[in-house]
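**Q** Sequence:
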Amino acid sequence: MPTLKEIKGRIGSVKSTLKITSAMKLVSSAKLRKAQVAIEAMRPYEEALQGILATLEIPGQAGNDVWGAGNAVRDGWDSEESVMPGTDRASSDRASRPTALVAIASNSSLCGGFNANIIAKVRSERKPGDVIYSLGRKMADAMRRDGYPTPEDLNDLVEHPAYGPAAALVEKLAHEVEEGKYSRVLLVYTHFVSTARQVPVAEVLLGGDTPTDVVIPSEASVSPDDVLIEPGKKELLASLRPKTLKLKLYAALLDSVAAEHAARTVAMQTATDNAENLLSELTLQYNKGRQQKITSEILDLAGGQTE
Numbered sequence: 001m002p003t004l005k006e007i008k009g010r011i012g013s014v015k016s017t018l019k020i021t022s023a024m025k026l027v028s029s030a031k032l033r034k035a036q037v038a039i040e041a042m043r044p045y046e047e048a049l050q051g052i053l054a055t056l057e058i059p060g061q062a063g064n065d066v067w068g069a070g071n072a073v074r075d076g077w078d079s080e081e082s083v084m085p086g087t088d089r090a091s092s093d094r095a096s097r098p099t100a101l102v103a104i105a106s107n108s109s110l111c112g113g114f115n116a117n118i119i120a121k122v123r124s125e126r127k128p129g130d131v132i133y134s135l136g137r138k139m140a141d142a143m144r145r146d147g148y149p150t151p152e153d154l155n156d157l158v159e160h161p162a163y164g165p166a167a168a169l170v171e172k173l174a175h176e177v178e179e180g181k182y183s184r185v186l187l188v189y190t191h192f193v194s195t196a197r198q199v200p201v202a203e204v205l206l207g208g209d210t211p212t213d214v215v216i217p218s219e220a221s222v223s224p225d226d227v228l229i230e231p232g233k234k235e236l237l238a239s240l241r242p243k244t245l246k247l248k249l250y251a252a253l254l255d256s257v258a259a260e261h262a263a264r265t266v267a268m269q270t271a272t273d274n275a276e277n278l279l280s281e282l283t284l285q286y287n288k289g290r291q292q293k294i295t296s297e298i299l300d301l302a303g304g305q306t307e
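Heads up: the sequence shown begins at 1 in the numbering used here, then just goes up one per residue.
If you are wondering where the hints come from, they were derived from the structure by calculation, not from laboratory data.
Possibly wrong hints are sitting among the right ones.
To be verified - Computed spacing ranges between beta-carbons, pair by pair:
| # | residue 1 | residue 2 | range |
| --- | --- | --- | --- |
| 1 | 16 | 117 | 21 to 31 Å |
| 2 | 239 | 175 | 11 to 21 Å |
| 3 | 117 | 34 | 36 to 46 Å |
| 4 | 15 | 129 | 46 to 56 Å |
| 5 | 233 | 108 | 39 to 49 Å |
Nothing here was measured: the structure is a model prediction, and the numbers come from that model.
Just so it is clear, CB atoms sit at the ideal spot from N, CA and C, and this is done for glycine as well.
Go ahead and model the full structure; you've got the sequences and the hints to work with.
**A** Set out below in structure tokens:
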């Protein structure tokens, strides 16, 4: 049985931990509110734009190029050099090339199963020879241990999500897909559903037709009668499709950040509750031990006076 001194030391340790978890819960809650505002403001715009593009897709052309929107997108690239792969490239040759995975985790821990779940998702999606662009130190460390080191340091994108760097990464990957280095680019991140629920998902970012996990809601589609198209479908598709895919990576970053803060808030709340319960048990144990000690001393004194 522990002594009163040992119990008192544990009480002090638990109180210190309780202060840390409580502070981290408050900080994570504040960051979560900010992240929720950002992703909730982005989602209606992204879904509406995806719905417009779904309406504009030209039958028989989707999936023929790196943007998954046919040769009409050729003029939508930002540089003068064409980045659209040739239509005469054999599909079997494309299938034999590795996949690039853009995997988003966090830079820090103490967020429950957030990192473990998304790392497990990446491991289930990757194949030997694939290349993984890890966003977040936890993902980079795990993939390096597995033998998949990231080609470049992208951890700052998780710490400070921004459209510009995200768009630059998509442009770089688009060129590499066009040059034949990769068959496609797969985006793996954690989707924020609610504070209590975050879901790891994987969807095709470049070089494919449809996402593997995420489907655009039917209500996001737009009727052709509701859209005035000038100068035409091909031209509008060429302009919007590359920007939409860049926006998709940026939205995934915001989604993952919101999911991370939600997971950390729940984890710190659970840790705080456990610390409070443990503190109550230790305090009760300490008071019982102290009472027993006092009672024993009184009995000793009473016995001495009787003698």
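**Q** So, for every hint listed, does it hold in this structure?
**A** Okay, the hints, checked on the actual structure:
Take residue 16 and residue 117: their Cβ atoms lie about 29 Å apart, and the range 21 to 31 Å holds. Here the CB-CB span from residue 239 to residue 175 is close to 19 Å, well matched to the stated 11 to 21 Å. Evaluation of the 36 to 46 Å hint for residue 117 and residue 34 yields a failure: the beta carbon distance comes to about 23 Å. In this structure the hint that residue 15 and residue 129 lie 46 to 56 Å apart at CB holds, the actual value being about 52 Å.
For residue 233 and residue 108, the hinted distance range of 39 to 49 Å is satisfied, since their beta carbons lie about 46 Å from each other.
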